Every structure is written in C-alpha cells, then in structure tokens.
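Undergrad: Residues per chain, in single letters:
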Amino acid sequence: MKITNQVVEKHGLNLEEYSNIKKFLKREPNLLELGIFSAMWNEHCSYKSSRRHLKNLPTKGKQVIQGPGENAGVIDIGDDDAIIFKIESHNHPSYIEPYQGAATGVGGILRDVFTMGARPIALLNSIHFGSPEHFKTKSLLNGVVSGIGGYGNCIGIPTVAGETKFNKTYNENILVNAMAVGHAKKDKIFYSKAKGVNKSVVYVGSKTGRDGIHGASMASAEFDENSEEKKPTVQVGDPFTEKLLMEACLELMKDNSIISIQDMGAAGLTSSSVEMASKGDLGIEIHLDKVPCREENMTPYEMMLSESQERMLIILEDGKEKHAKEIFKKWDLDFVIIGKTTDTNKLTLKYNGKIEGEIPLDALASKAPVYDRKWVKKKLIKSKFDFKKLKKIKIEDALIKILSSANHSNKNWITNQYDQMVMCDTAQKSGADSAVIRIHDKEKAIAVAVDSSANYCKAHPLTGGKQIVCENWRNLISVGAKPIAITNCLNFGNPEDPKIMGEFAECLIGIKESCEFLNYPVVSGNVSFYNGTNKKNISPTPVIGGVGLIQKLEKPMDHLFKKKNSDVLLIGKTFGHLEQSVFLEEVHYILDGRPPEINLVNERNNGETVLEIIKKDLVNSVHDVSNGGLIVALAEMSMGSDFGIKIKKPKNLTNLYKYFFGEDQSRYILEVDKNNLERVEKILKNNNIFYDNIGLTQNDYFEIEDELKIDIKKLYKINNQWYNNY
Amino acid sequence: MNSSVIVFPGSNCDRDIAVALEKMQFKNQMVWHKESKLPKSDLIVVPGGFSYGDYLRSGAIAGKSLIINEVIKAADKGCLILGICNGFQILTETGLLKGVLLRNKNLRFINKDVNIKIINNETKFSNKYKKNQILKINIAHNEGNYFTNSNHLKILNNENLIAFKYCDKNGNINEDSNPNGSLENIAGIFNSKKNILGMMPHPERMMDNLISNTDGANLFLSLLK
Amino acid sequence: MKFTVTVTLKKDVLDPQGKVVLNTLQNLGMDNLKSIRQGKYFEIDMNDIDEEKAKKKVDDMCKKLLANMIIEDYKVNKI
Amino acid sequence: MKFTVTVTLKKDVLDPQGKVVLNTLQNLGMDNLKSIRQGKYFEIDMNDIDEEKAKKKVDDMCKKLLANMIIEDYKVNKI
Ligand SMILES: Nc1ncnc2c1ncn2[C@@H]1O[C@H](COP(=O)(O)OP(=O)(O)O)[C@@H](O)[C@H]1O
Ligand SMILES: [Mg+2]
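Protein chains in written order, with this note's numbering: chain A, 2 to 727; chain B, 35 to 259; chain C, 11 to 89; chain D, 11 to 89.
These aren't lab readings, by the way, just hints derived from the structure by calculation. Computed from a prediction, not measured in an experiment: that's the story for all the values here. Hints may contain errors.
Claimed, not checked - 16 Å max Cα-Cα, derived EDC-like pairs, lysine to aspartate or glutamate:
no.: 1; chain 1: A; residue 1: Lys537; chain 2: A; residue 2: Asp498
no.: 2; chain 1: D; residue 1: Lys21; chain 2: C; residue 2: Glu53
no.: 3; chain 1: A; residue 1: Lys718; chain 2: A; residue 2: Asp398
no.: 4; chain 1: C; residue 1: Lys65; chain 2: D; residue 2: Asp41
no.: 5; chain 1: D; residue 1: Lys44; chain 2: A; residue 2: Glu297
no.: 6; chain 1: D; residue 1: Lys44; chain 2: C; residue 2: Glu53
no.: 7; chain 1: D; residue 1: Lys67; chain 2: C; residue 2: Asp41
no.: 8; chain 1: D; residue 1: Lys65; chain 2: D; residue 2: Glu53
no.: 9; chain 1: A; residue 1: Lys330; chain 2: B; residue 2: Glu69
no.: 10; chain 1: C; residue 1: Lys20; chain 2: D; residue 2: Glu53
no.: 11; chain 1: B; residue 1: Lys132; chain 2: C; residue 2: Glu82
no.: 12; chain 1: A; residue 1: Lys331; chain 2: B; residue 2: Glu69
no.: 13; chain 1: D; residue 1: Lys44; chain 2: C; residue 2: Asp60
no.: 14; chain 1: D; residue 1: Lys73; chain 2: A; residue 2: Glu98
Stated by the list, open to error - Computed far set for chain B versus chain C, every beta-carbon distance over 10 Å:
no.: 15; residue: Lys68
no.: 16; residue: Ile144
no.: 17; residue: Glu156
no.: 18; residue: Gln167
no.: 19; residue: Asp202
no.: 20; residue: Asp242
no.: 21; residue: Leu258
Note that beta-carbon positions come from the ideal geometry of N, C-alpha and C, so glycine has one too.
With the hints as constraints, model all of the structure from the sequences given.
TA: Structural data, given as structure tokens:
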C-alpha cells in the first residue's frame with residue numbers, strides 16, 4: 002500500500018511528524034512501520050503535550066521507591082512492605098460501550114500493578130457522567146457500574162472507594178478512571194527495563210484478536226473492498242483469564258526467572274516491546290508468525306496494534322523457559338517465545354523469516370515529539386451575583402434539596418454492586434472519607450481515596466488543582482492515616498486549544514504547590530486529553546488518588562457519631578465562602594465566582610493536629626468538611642448513625658447560609674467525649690489551631706437551635722432515594 | 035480436624051476460608067482442581083468466587099472437574115462438605131444438593147451485610163448457634179436466588195433441612211428482608227443426611243471484629259466438636 | 011456440520027431475567043407485548059461427517075453441560 | 011404471534027464464555043468439536059395481528075434493549 006498524505010493523516014500524524022519519521026528511518030516507512038509510529042507518537046503513549054508540565058511535579062520523597070516512569074508508582078510502608086499503585090482513564094471506550102469499556106479499564110490498571118510484582122489489594126474508581134436528564138446517562142451509569150463490578154468481583158479484588166458525579170459537561174464524554182493498589186515485598190519488585198542480549202522474549206496470556214485497532218480503523222477504507230469486515234472491534238474483558246494471568250505471574254515471580262516484565266496495554270505488543278527494549282538500551286526482535294492469534298489471517302499490522310486484553314510480555318533469564326512454561330500451562334494460558342533481545346537498538350519485526358519492519362528504538366521513544374503548546378492563564382473572576390437578591394429559602398429545605406440531589410445522595414446503589422469484602426482485609430468500606438485496607442497478616446493498614454472538583458478547577462484551575470490535593474489529604478487524615486503519596490489522572494479537553502492547555506498547565510501548578518508543601522509526592526499517573534466533542538471540551542477534571550498509612554490498626558476511624566452528649570468541635574476557620582458552592586449550584590442554580598482559597602500552612606497544621614488527636618485515641622468520629630459545607634458534613638455524620646446533633650447558632654457570623662453552606666477549606670469536625678475534651682483542647686491550643694465547639698450529639702435528631710429539627714432516619718431516607726428512583 | 039479447600043481456576047475466596055480454618059485450628063490443605071486424589075479430610079470446603087468466570091452457569095463447569103468426583107465419593111462416605119457461595123452453586127450443579135441458584139431478582143450483583151436466622155441448630159455445622167439466633171453476615175453474589183420444585187421444598191421443610199433464612203434485624207422473614215428473591219428466604223440448605231451444607235452468605239468474612247464481626251466463628255466451632 | 015442449540019428455562023421455573031426484560035420493554039413503550047422468555051443459544055460446529063453421530067454428540071453435550079436438566083429444556087437443530 | 015430472537019457476538023469479538031465451554035467439552039471427551047459460540051435467545055409473544063407491524067416491533071426491541079449493537083448481531087424469526 003502506498004503511503005499517501007491521506008494515509009498519514011488517518012494515522013493521526015501530521016506531515017511534519019511524517020517527515021521526521023522519514024528522517025529517522027532514512028527512507029519511507031511501510032504501513033506496518035507507520036502504524037507503529039502512529040501508536041507510539043500519539044498523545045496517549047508519547048505524552049507529547051503534557052511532558053513538559055509533568056516534569057515539574059514533585060516525585061521524590063523518603064518513602065518513594067519508584068516514581069513516575071514505570072507501570073505504577075511504588076512507596077515504602079515500612080518493614081519489608083511496599084505499596085504499588087496507579088490510576089488510569091478509560092473514558093472514550095466507556096462512552097462507546099460502557100460495560101466493556103469500564104471493565105477493561107479495571108483490567109488494564111490491575112495489570113499495571115501486578116506486572117510489578119504486587120498482589121492487588123484494592124480497587125477504586127472515579128466516574129463522571131453527564132446530567133441525569135441526558136438521554137444516555139442512565140444506561141451509561143448502569144453499564145459502567147456493572148462493568149467495574151463485573152471485572153473486580155470476578156477477579157476477587159475488593160472495590161472499596163471511589164467517587165461518582167453528574168454534570169452536563171460530561172454529556173458527550175463521560176470519565177471512567179480506575180485505580181488499583183497492590184502490595185509487594187520491597188525486594189521483589191519487577192520493572193520493565195530489559196537487561197542482557199539474546200534473552201527470550203515471551204508472550205503470555207490471551208490470544209491476540211482484532212480488538213481496538215485504531216490505526217487500522219482509520220486506514221481501513223484503503224485496505225480492500227472488505228473493509229467493513231475489518232472494522233475495529235470493541236475490547237472485551239475476560240476477568241477470568243486475568244485472574245489466571247495474575248496468579249501465574251505472581252507464581253513465576255516467586256523465584257528469579259524474570260528479568261523484566263510489562264503488560265500489553267495501549268498499543269499492545271508495540272508499546273510493551275518498545276518500552277522494554279528502549280529502557281534497557283537494547284534492541285528487540287519479534288517473530289510475528291509465533292504470536293498466538295485468535296482469528297485467522299491476521300496481518301503483522303494487526304498483531305502489532307491490537308489491544309486485546311489480558312496479555313503480558315516477559316523477558317526471561319537463560320534456562321528458565323521450561324520452568325516458566327509449566328507454570329503458565331498449569332493455569333491454562335498461552336506461553337510462547339516470540340523473540341529475543343538484541344544489541345541493535347532496533348525494533349525488528351519478522352514474519353516467516355522475512356523482515357517486515359525495522360525501526361530504530363530511539364525514534365519511537367526518546368526522540369518522540371514533545372510540544373510546548375501555547376497556553377493562556379485564567380483570571381480569577383469576581384462573582385456577579387448579588388447575594389441579597391437570592392430567593393429566600395429555608396435552611397431545612399436547602400439541606401434536603403442537597404441531600405436528595407444526584408450528586409450528594411448516598412451511593413449504596415453503586416457500592417452494593419461491588420464486592421468490598423473479598424480478601425477479608427477491608428476495615429473501612431465505601432462511604433467513609435477513605436477506605437481502609439489492612440495489610441494481610443500485619444497490624445498496619447493503608448487508607449485510600451480518590452478526589453476531584455471539576456467546578457473548582459474550571460473556575461480557577463490553579464486554586465482547583467491545589468484544592469483537590471488538599472481534599473484528598475484531608476480524607477486520608479480523617480480515618481487516621483498519614484498521607485504518603487498520590488497518583489493522578491488528568492482528564493482534560495483538547496490541548497491544541499490554548500485555553501484548555503492553560504487549564505492543564507495551571508492545574509498542574511496547583512497540584513505541585515500542594516504536593517510540595519504537604520510533602521505528598523506524585524508517584525504515578527496518566528493524562529487523558531481530547532475529552533469532549535466538536536470544540537466543546539469538558540471542564541478540567543484532574544483526579545487525585547492518595548495512599549496513606551495507618552501504622553497500627555486498632556479500631557478503624559469513621560465519620561458516624563458514636564455516642565450522645567459528645568462535644569462536637571469544628572477545626573479550622575469559617576469565612577462563609579459561597580461562590581462555586583454546592584448550595585448555590587443545587588439550590589439556586591448559580592455556578593459563579595471563585596473557588597475557596599487554600600492556606601497551605603493552615604492545611605498542614607490542621608491536618609497534622611487532627612492526626613495526632615486520632616492517634617492518641619481521643620475522638621469518637623472524624624469527618625472533613627467539603628462539598629456542601631458544615632451542615633452537609635454534620636448531616637453525613639448523623640445519617641446511618643443512631644445519633645444526631647444539636648447545633649448552637651454561631652455567635653459571630655450573622656449570615657446563617659454562609660455559616661452552614663460555606664465551603665471554606667482545611668476544616669474537620671471531631672466528636673469528642675466530655676472526658677477527653679480537655680486533652681483535645683490542649684493539643685489544639687498548643688498547636689495554634691482555630692476551633693469552635695459547635696454543639697452536642699443527641700439521640701435521633703438533627704437539630705439547629707431555633708431553626709430546624711429533623712429525625713435522622715428521615716434524613717437517611719431522603720439521602721437514599723435518588724438512585725432507586727432514577 | 036483435617037480440612038481441604040478445593041481451588042478452581044477463578045476461585046477467589048479460597049485464601050479467605052483457609053485463613054478462617056487455620057484461625058480455628060483446622061489442619062488445612064489446598065487442593066488444586068486438577069488433582070485426582072483428595073488428602074485425608076474430615077471437612078471439604080468448596081469456596082466462593084467465580085470458578086471458570088461463572089461462564090455458562092455459575093458452578094456448571096467446576097461441577098465437571100476431575101476432583102469433584104472425589105468430593106462426591108467422600109460425601110457418600112459421610113465426609114462433611116461445606117459449599118459457600120460459588121461453592122453452593124457448584125454443589126447444586128453436581129447434584130450433591132438439590133435445587134438451583136438463579137440470578138438475583140434485581141439482576142444485579144449484591145454485596146452487603148444481611149441478617150440470617152438459624153433455622154436448624156442441631157447439625158454438625160450449626161450446633162454452637164442457638165435456634166432462631168440472628169446473625170449479621172456478608173453476602174456477595176450474582177446468583178443467589180434459591181429455587182427448587184415444590185416437592186423438594188416440602189422435604190426441606192419437613193425434614194428440617196433449611197439451615198438459614200434471610201431476615202431483618204428483628205428476625206422477620208419476609209419479602210423486604212429477602213435480598214435476592216430466594217424461595218422462602220432460604221440462605222442455606224442441608225442434604226438429607228445433613229453432612230453437606232450449602233450457603234450463600236460468607237461465614238469466613240465474619241471472623242474478626244476489626245474487619246466485621248465474629249458471627250461466622252461458631253460455624254467452624256460447631257464442626258470442631 | 012453446524013448445529014444450533016437453544017436452552018430455555020422450564021415452564022414452572024421462575025425467570026427473573028425475562029420478567030425484568032419484559033418490564034423494561036413495556037416501559038420503553040412496547041405495547042401488545044404478551045410475554046418474553048430468555049434462554050441461551052449456541053452455534054456448534056462439528057467436524058463429523060455422519061449427521062446422526064454428530065447430532066448424538068451434540069445431544070450429549072447438552073445433557074452433560076450446556077443445559078441444567080433440573081430447570082432447563084433444550085432443542086438441537088441442524089443448520 | 012410468536013417470534014424467536016437470537017443474539018450473537020459479532021465476528022472477531024472475543025467470546026470468553028465460548029472459549030471456556032469449548033475447552034470443557036473437549037475435556038469431557040467430545041471429539042471432532044470444531045467451534046462453539048454462545049449467544050442469547052428470546053421467545054417473544056406478541057398480541058398483534060399484523061405480522062409486519064409485530065416484526066418491526068421485535069426488531070425495535072432488539073435494537074433498543076436485547077442486543078448491544080456495538081458488539082452483537084441479532085436475528086428475528088417468526089415461528
Ligand atoms: N499525570 C501524571 N503524573 C505523573 N506521572 C504520570 C502522569 N501521567 C503519566 N505518568 C507516568 O508516565 C508513565 C507512562 O504512563 P502510561 O503510558 O499511562 O503508562 P502505561 O504505559 O503503563 O499505560 C507512567 O509511569 C505514569 O506513571
Ligand atoms: Mg502499563
């Protein structure tokens with residue numbers, strides 16, 4: 002086939018990039034080679050628009066064993082234990098086929114984690130849908146949730162936390178981000194860098210089919226008359242095979258057979274082989290006729306670009322082939338030696354002995370394009386609405402409206418579809434500020450949470466970026482965990498638009514500031530650009546996934562009131578920031594103004610102090626104050642508990658709406674027994690923490706003096722009906 | 035006591051049950067499904083999970099495995115057999131227990147803590163519980179909707195072969211306290227010799243107050259007696 | 011030689027799936043819909059030449075694995 | 011008026027279920043078995059009198075609910 006400009010463009014490459022390809026090759030590429038360049042040079046694999054900005058993130062720390070650059074990040078949690086984790090997006094496939102898209106998203110991120118030697122111990126997800134009224138939302142919600150559950154449940158890894166949001170910005174482009182967390186021994190971590198010449202390159206797992214061949218789809222018109230037949234097919238997940246693959250890999254990892262290992266994710270065989278060889282400064286030779294295929298007559302082009310799931314590439318130590326093969330045979334999986342490492346620094350593809358393609362590896366990896374895209378700053382916009390002109394609404398009615406809305410309803414309908422308990426180490430399930438997973442057979446536990454705030458990030462990306470890291474850190478603190486490190490999934494619109502690129506650049510500056518100040522490094526992540534359609538980009542939606550450590554798990558801390566007559570303390574200052582608040586959005590349909598500012602000094606001080614108080618076992622329950630402000634946080638502490646609260650009216654703030662619904666940051670609520678109060682107050686004062694005693698817990702009622710009194714069972718019901726009625 | 039846990043491709047509660055058994059001082063062995071012989075065991079557990087991905091029908095393919103013939107032989111000789119969740123489904127597929135587990139009534143996977151009531155506490159599996167005692171215990175399944183023909187249902191009732199029923203926290207057994215649509219809220223049954231128990235709830239998940247509660251422990255203690 | 015097999019629930023067995031599908035279709039505005047039952051469908055390709063033999067094998071497969079004879083019926087068709 | 015609908019995975023779409031069933035049948039000693047693909051089957055009973063109309067409705071049901079057109083094909087038959 003002749004490579005015309007049209008064919009080049011259909012591979013997502015521009016003409017300048019094409020001429021660079023010719024320069025690197027010193028000739029014209031054939032179609033197979035072009036496909037490989039297109040896969041490696043696309044945004045997803047090359048990070049060509051984002052790399053310059055990602056570079057600035059803080060990625061090092063005392064507890065970081067492996068930062069970005071590997072399949073997942075690795076942190077040290079003491080003794081000989083390491084935690085390996087990463088988040089990844091599967092947005093576009095999930096919009097086309099929600100069940101399979103979400104399922105394969107989970108499968109993909111799990112492979113990233115167990116490929117490094119970790120047994121996965123928890124799954125999380127962040128899912129964003131369009132407005133509930135949009136005609137596609139309901140079936141997308143159903144499909145995505147059952148897809149996430151379907152995969153995680155079957156493979157037997159608990160899905161323990163996540164977030165679910167609805168916003169019309171995602172009407173044509175939902176977000177499905179999945180995070181996996183695994184546990185490994187520190188001295189048994191596996192990397193993708195190849196070492197040594199003439200080592201066997203082994204293909205294991207499922208057979209290769211024509212799943213998700215992007216380039217092929219785009220160029221299919223030119224293929225032949227039967228192009229309809231060759232339409233790319235949706236990737237279908239097979240969690241059963243993944244379970245076998247996981248067990249087989251973990252079994253093989255017990256001894257010293259593996260030099261390096263890499264899952265076949267995006268761009269399948271291409272990216273895995275290129276990555277392993279180029280990291281090791283080697284070459285690699287693959288005999289495509291040996292690749293196990295599911296369909297007849299698959300071409301080298303299709304094999305190299307297929308995104309069939311549940312496959313891995315392994316480079317084995319000499320003489321370990323037989324031993325390894327037996328393990329894979331036991332698990333009924335394909336195991337084929339398809340090539341070897343070389344010293345040529347080239348990717349060499351042979352088919353029936355004939356060379357079908359040969360590309361210098363640096364052209365695919367280190368010399369892949371990097372762009373310094375134009376970007377513009379976002380100004381802080383003063384809010385335009387006049388607070389005095391808002392329609393009068395009773396506080397009770399506003400609270401009920403928020404608690405019964407799609408975004409703030411209880412998510413049991415979703416989380417009941419996930420097995421949260423399998424592996425028997427889930428000490429804190431979904432519904433809490435963070436999930437808590439005990440390290441098997443040990444006293445310690447990790448806390449995990451994911452967070453995003455698209456509205457804040459849209460209004461002011463820098464502040465928004467700062468805020469999500471802090472919110473995530475607060476969520477870990479609230480269950481008594483010391484935050485250690487994060488992974489991030491950066492979901493943005495079209496980076497060729499300077500405004501969007503600006504959102505990206507500024508969010509990253511915000512993330513960086515918080516991470517640096519809180520000593521909360523980024524160890525892995527993923528960028529997803531081009532979310533949106535026809536110039537309608539989604540709101541910037543970076544998602545932060547955090548991991549924290551609980552040194553000794555004695556009793557899991559959660560946010561439900563435990564007793565009556567406890568004092569309830571509000572930690573942190575309340576200013577009454579209503580711009581961009583849930584109150585204005587859900588009750589008055591106003592989305593306007595600036596997000597709340599963050600004072601990082603207070604953030605750190607408040608958080609560290611709360612953690613100290615929890616560790617001294619001086620509190621019954623803890624909750625951070627986030628979306629919806631103080632009143633929603635207090636309602637959450639009451640719903641599902643047997644106890645409510647009686648709140649005194651504030652002395653200084655005269656405007657009750659600002660007091661109760663304001664979204665000022667860095668705040669926590671603590672429930673403290675009378676006999677611990679003195680000690681807690683002493684710690685707070687010693688650490689210069691601003692706090693307020695706002696009321697007492699009581700039986701059955703959620704009450705604000707002279708303002709409202711609601712049965713907490715009724716609140717619970719209100720909070721639980723949205724999904725069931727949808 | 036010696037126990038064996040059968041491991042199929044796709045079993046995923048095998049480690050959990052092994053941990054529970056060992057905690058209760060059973061001498062436990064894991065048995066891979068391709069093996070043709072069982073180690074000497076007083077108790078054989080068929081664990082939960084998704085054997086063979088739940089493909090075709092949950093439990094169907096595991097029900098045809100090599101090792102299952104040995105389990106059937108052991109059962110005939112009176113060995114104690116416990117099938118939990120997918121294990122229950124497998125036991126019905128082999129015919130060791132009668133009836134079938136259909137899709138949950140709401141067609142969704144359900145994971146939550148539910149209450150179950152001890153109906154028969156006079157068996158090797160349940161003697162440490164009180165009759166009508168209410169447990170809080172975790173369920174996690176797609177197909178837990180127990181169904182059997184009216185003849186067999188009569189036998190289950192007349193011969194006291196129902197082990198547990200779903201109820202609410204006050205012990206009421208009704209449609210509201212039925213999570214998955216099971217006939218008469220049945221959560222677990224015995225065979226007629228009462229040496230085989232199949233149950234959808236997961237007792238192995240209720241062994242540790244730090245994680246959940248210890249309502250499952252008495253099942254294992256009963257067996258040890 | 012190709013066969014199709016359909017496996018359906020016996021009449022007296024509750025069909026939760028069929029019921030939900032029926033409700034959903036009715037909610038989607040499909041009128042005049044009296045009943046719907048769901049089952050499984052297999053396309054089986056055999057290398058045999060003798061039709062009778064092949065059919066017997068397929069029958070065997072159904073009994074041994076594809077259908078659960080306690081609750082399901084099956085039908086085999088050569089195509 | 012009765013119709014049957016069979017829903018099958020499109021060619022080239024992975025059929026994990028069929029793969030496992032095939033292996034199991036072969037392990038059970040079924041020889042000469044070349045391939046097996048699994049799908050869904052529906053029996054639909056309509057109150058309509060006009061066949062054309064009824065068939066169109068069934069077609070509609072398939073598109074809207076019974077089949078996932080991204081990965082599946084369907085066939086409608088009057089019986
Ligand atoms: N937003 C980000 N922040 C930090 N690291 C990132 C980010 N995005 C990607 N990375 C890192 O870049 C590397 C390549 O990412 P990716 O291509 O998504 O991995 P994979 O090939 O495993 O799918 C990974 O090590 C990842 O952790
Ligand atoms: Mg990877």
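Undergrad: Each hint should be assessed against the structure and marked as holding or not.
TA: Quick rundown of the hints versus the structure:
Distance hint between A:Lys537 and A:Asp498 is fulfilled; the C-alpha atoms sit about 11 Å from each other, no more than 16 Å. With a CA separation close to 13 Å, the supplied pair D:Lys21 and C:Glu53 stays within the 16 Å bound. For the hint pairing A:Lys718 with A:Asp398, the CA-to-CA distance comes to about 15 Å; that is within 16 Å, so the pair holds. Between C:Lys65 and D:Asp41 the CA atoms are separated by roughly 13 Å; this keeps the pair inside 16 Å, and the hint holds.
Of the supplied pair hints, the one linking D:Lys44 and A:Glu297 holds, its CA atoms being roughly 14 Å apart against a limit of 16 Å. Restraint check for D:Lys44 and C:Glu53: satisfied, since their Cα atoms lie roughly 11 Å apart, inside the 16 Å limit. In summary, the hint linking D:Lys67 to C:Asp41 is supported, as the alpha carbons are separated by about 9 Å, within the 16 Å threshold. At most 16 Å may separate the alpha-carbon atoms for a hinted pair to count; D:Lys65 and D:Glu53 meet this at roughly 13 Å.
Distance check on the hinted pair: A:Lys330 and B:Glu69 sit about 15 Å apart at the alpha-carbon level, within 16 Å; holds. Distance restraint check for C:Lys20 and D:Glu53: the Cα-Cα separation of roughly 13 Å lies within the 16 Å cut-off, and the hinted pair is therefore satisfied. Simply put, B:Lys132 and C:Glu82 have alpha-carbon atoms about 14 Å apart, close enough for the 16 Å limit, and the pair holds. Taken as a hint, the A:Lys331 and B:Glu69 pair is honoured in the structure, with Cα atoms around 11 Å apart against an allowance of 16 Å.
Proposed proximity of D:Lys44 and C:Asp60 is supported: the alpha carbons are some 15 Å apart, at most 16 Å. Using a Cα cut-off of 16 Å, the hinted pair D:Lys73 and A:Glu98 holds, with the two alpha carbons roughly 14 Å apart. The beta carbon of B:Lys68 sits about 18 Å from the closest Cβ of chain C, which is more than 10 Å, so the claim that it is off the interface holds. The non-interface label for B:Ile144 is consistent with chain C: the shortest C-beta to C-beta separation is roughly 13 Å, beyond 10 Å.
Distance to chain C confirms B:Glu156 as a non-interface residue, since its nearest Cβ pair spans about 28 Å, more than 10 Å. Listed as a non-interface residue, B:Gln167 keeps its Cβ farther than 10 Å from every Cβ of chain C; the least gap is roughly 30 Å. Non-interface call for B:Asp202 relative to chain C: holds, since the shortest CB-CB distance, roughly 22 Å, exceeds 10 Å. The Cβ of B:Asp242 lies farther than 10 Å from every Cβ of chain C, with a closest approach of about 34 Å, so its non-interface assignment holds.
With a closest Cβ-Cβ approach of about 34 Å to chain C, B:Leu258 is found to remain outside the 10 Å limit, as its non-interface label requires.
The structure shown violates none of the earlier numbered hints.
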